[in-house]
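One line per chain: the protein sequences are A and B, in this order. By this note's numbering, the letter at position 56 of the first sequence is numbered 56, and the numbering carries on one by one without gaps. Add 281 to a position in the second sequence, counting from 1, and you land on the number used in this note's numbering.
Hints are computed from structural coordinates only; laboratory data are not their basis. All values reported here derive from a predicted model rather than from experimental measurement. Even glycine gets a Cβ: it sits at the ideal position worked out from N, Cα and C. Treat the hints with caution; some may be incorrect.
[As the list claims (entries may be wrong)] Just so you have them, the derived chain B footprint on chain A, three or more residues with Cβ under 8 Å:
1) 29 to 41
2) 105 to 114
3) 130 to 143
4) 181 to 194
[To be verified] Computed list of chain A residues with no C-beta within reach of chain B, every gap over 10 Å:
5) R50
6) G83
7) R99
8) G123
9) L124
10) S125
11) V126
12) G166
13) R197
14) E209
15) K217
16) D249
17) G259
[Unchecked claim] Which residues of chain B face chain A? A few of them, derived with a C-beta cut under 7 Å, are:
18) S379
19) P514
20) L515
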Amino acid sequence: MSEIKQLEDFIIQVRRDILRQVHKVNSGHPGGSLGCTEFMVALYQKVMERKEVFEMDGIGEDLFFLSNGHISPVFYSVLARSGYFPVEELNTFRLINSRLQGHPTTHEGLPGVRIASGSLGQGLSVAIGAALSKKLNNDAHLIYSLHGDGELQEGQNWEAIMYAAGNKVDNIIATVDLNGQQIDGATKDVLPMGDLRKKFEAFGWEVMEIAEGNNIKKVVDGLEHAKSLTGKGKPICILLHTVMGHGVDFMMHTHAWHGKAPNDDQLANALSQNPETLGDY
Amino acid sequence: MKNYTYTEKKDTRSGFGAGLAALGRTNPDVVALCADLIGSLKMDEFIKDNPDRFFQVGIAEANMMGIAAGLTIGGKIPFTGTFANFSTGRVYDQIRQSIAYSGKNVKICASHAGLTLGEDGATHQILEDIGLMKMLPGMTVINPCDYNQTKAATMAIADHDGPVYLRFGRPSVPIFTPEDQEFQIGKGIQLQEGKDVTIVATGHLVWEALQAAEKLFANGIKADVINIHTIKPLDDEIILRSVKKTGCIITAEEHNVLGGLGESVARLLSTSYPVPQEFIGTNDTFGESGTPAQLMEKYGLNADAIEKAVHKIIKRK
Chain A
1 MSEIKQLEDF IIQVRRDILR QVHKVNSGHP GGSLGCTEFM VALYQKVMER KEVFEMDGIG
61 EDLFFLSNGH ISPVFYSVLA RSGYFPVEEL NTFRLINSRL QGHPTTHEGL PGVRIASGSL
121 GQGLSVAIGA ALSKKLNNDA HLIYSLHGDG ELQEGQNWEA IMYAAGNKVD NIIATVDLNG
181 QQIDGATKDV LPMGDLRKKF EAFGWEVMEI AEGNNIKKVV DGLEHAKSLT GKGKPICILL
241 HTVMGHGVDF MMHTHAWHGK APNDDQLANA LSQNPETLGD Y
Chain B
282 MKNYTYTEKK DTRSGFGAGL AALGRTNPDV VALCADLIGS LKMDEFIKDN PDRFFQVGIA
342 EANMMGIAAG LTIGGKIPFT GTFANFSTGR VYDQIRQSIA YSGKNVKICA SHAGLTLGED
402 GATHQILEDI GLMKMLPGMT VINPCDYNQT KAATMAIADH DGPVYLRFGR PSVPIFTPED
462 QEFQIGKGIQ LQEGKDVTIV ATGHLVWEAL QAAEKLFANG IKADVINIHT IKPLDDEIIL
522 RSVKKTGCII TAEEHNVLGG LGESVARLLS TSYPVPQEFI GTNDTFGESG TPAQLMEKYG
582 LNADAIEKAV HKIIKRK
């Protein structure tokens with residue numbers, strides 16, 4: 001089986017996990033999760049160099065920080081299916097006494113999670129701190145982070161964007177999930193952010209785009225290209241063009257499924273569009 | 282009655298700077314961050330000795346807290362430095378999510394706490410920081426009393442695994458604790474043994490409490506004086522032992538009486554051993570411009586105020 005086919009099977013199974021998690025508790029954020037599935041699978045299954053056993057300090061491996069914590073369903077599924085904790089634990093998503101909190105946290109000791117996120121706009125600062133720590137430790141591994149496009153409305157991001165360029169933090173690859181949607185509607189209607197590419201470039205970042213953020217091959221190639229840009233004195237930004245709700249026709253191209261769970265019929269419909277590949281939990 | 286004197290006054294923030302510099306020499310994991318206030322925080326010596334371990338983040342406190350949280354992930358022990366107002370209120374959510382809830386080993390070091398920033402006025406002062414920080418689960422809150430104790434506390438918190446809020450001030454205050462006194466987080470220090478009233482104080486009001494106790498002694502009132510340098514976790518044992526002997530208590534702090542040391546003590550007493558309590562602190566107010574001494578006088582944060590409160594509470598016993 002080709003490597004791409006293996007990744008595609010993985011992606012479909014993650015989509016099923018996302019849908020089933022949010023359906024079971026009738027809460028959570030499927031839209032952004034589905035849109036970022038290819039990116040997350042590419043990172044954990046192909047791109048990142050990571051250790052088998054989870055260690056909080058992450059010395060000697062690449063690290064990932066999820067800043068837009070509400071897309072926890074895709075994060076949890078990819079972590080579980082990458083071996084950090086039992087896949088069956090996805091059954092406990094958002095339930096009482098679970099390690100799988102609505103938004104990720106270190107508080108419950110879930111392997112794979114290194115920072116709490118949920119309150120938006122804090123992840124890039126944390127990722128920069130981890131990147132600085134890698135430099136102090138003479139650890140050549142990279143830091144990856146993911147941010148929502150709407151999340152960039154939080155001012156702290158711009159403090160961090162300024163810092164990273166001004167201090168040549170060139171071992172970080174920060175990806176913006178550019179789906180153009182947020183809870184209240186299209187980002188251009190809620191708070192237009194202008195030309196993000198020009199903004200990042202003006203702040204001194206190296207910017208690249210992945211035009212097909214839901215094409216696994218393009219995402220892997222894009223991430224590999226991003227890696228080649230590190231170590232040259234500039235932080236790297238990937239503008240990842242995705243479709244919110246990708247893979248489920250009625251969830252695509254709308255903000256309606258940003259934070260809403262499917263009912264029984266909608267779940268059946270959505271799953272039928274993503275037939276089981278590697279086995280459900 | 283023990284005799285407390287001093288030969289020198291020094292600012293507590295210089296104690297922080299000296300402690301940080303010492304850590305720079307002894308603990309290779311310690312790193313420092315500052316938001317454009319190096320001189321105010323007395324971080325110069327650490328920076329001179331360890332330029333690679335210092336991060337100037339500029340006027341961007343939220344980013345500073347996040348970077349500090351991230352640095353811990355590689356095993357570093359970050360000490361952040363800025364004014365108390367910008368160390369707490371301005372970045373409460375960043376501390377809450379990225380540091381406290383995430384259980385990160387960050388030391389939030391805050392200078393110019395309380396009113397004693399003086400002339401800059403209320404925007405740069407803060408009287409709520411102890412409350413804000415003590416309400417965060419897992420946060421240790423420390424408010425040392427003089428130069429020596431601030432230096433010792435700075436060094437001690439590097440060995441404590443978990444987030445810490447370390448609060449100190451701007452003006453020079455008497456140095457009266459021994460240079461070699463061990464700093465034990467969460468353990469109050471008995472300064473005077475008395476039987477008539479308990480005075481627990483924190484920060485530079487500990488010295489004022491000692492001055493008050495001296496005057497009271499001359500009037501035949503023997504005060505039990507305790508230095509509560511750690512507000513959370515509170516040393517329940519030393520406070521309860523004292524009030525069981527004296528039957529009344531004064532708490533003294535340069536902080537709003539809502540949410541500070543006094544409230545922590547009141548909660549302890551109400552659940553364990555209720556006795557009359559008087560609160561020395563600011564009373565639900567913002568500060569204002571003035572010299573530190575003028576502000577201490579106006580807001581009732583000195584030995585005279587403590588002495589008056591003692592006369593009042595003894596009648597309530």
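Cross-check of the supplied hints:
1. 29 to 41: violated (count 0)
2. 105 to 114: With 4 residues closer than 8 Å to chain B, the region 105 to 114 of chain A meets the three-residue bar; holds.
3. 130 to 143: Holds, because 8 residues of the region 130 to 143 of chain A bring their Cβ atoms closer than 8 Å to Cβ atoms of chain B.
4. 181 to 194: violated (count 0)
5. R50: Holds, since 14 Å exceeds 10 Å.
6. G83: holds (20 Å)
7. R99: holds (14 Å)
8. G123: Violated, because the least Cβ-Cβ distance between A/G123 and chain B comes to about 8 Å, which does not exceed 10 Å.
9. L124: violated (7 Å)
10. S125: The claim breaks: A/S125 does not keep its Cβ more than 10 Å from every Cβ of chain B (closest is about 2 Å).
11. V126: The claim is violated: A/V126 sits with its nearest Cβ about 4 Å from chain B, within 10 Å.
12. G166: violated (8 Å)
13. R197: holds (22 Å)
14. E209: holds (25 Å)
15. K217: Per Cβ check, A/K217 is outside 10 Å of chain B; nearest 31 Å; holds.
16. D249: holds (35 Å)
17. G259: For A/G259, whose nearest Cβ neighbour in chain B is about 19 Å away, the distance exceeds 10 Å, so it holds.
18. S379: holds (5 Å)
19. P514: violated (19 Å)
20. L515: It is violated, given that the least Cβ distance between B/L515 and chain A is near 23 Å, above 7 Å.
Figure legend: structure checked against the earlier numbered hints; hints not met, in rising order: 1, 4, 8, 9, 10, 11, 12, 19, 20.
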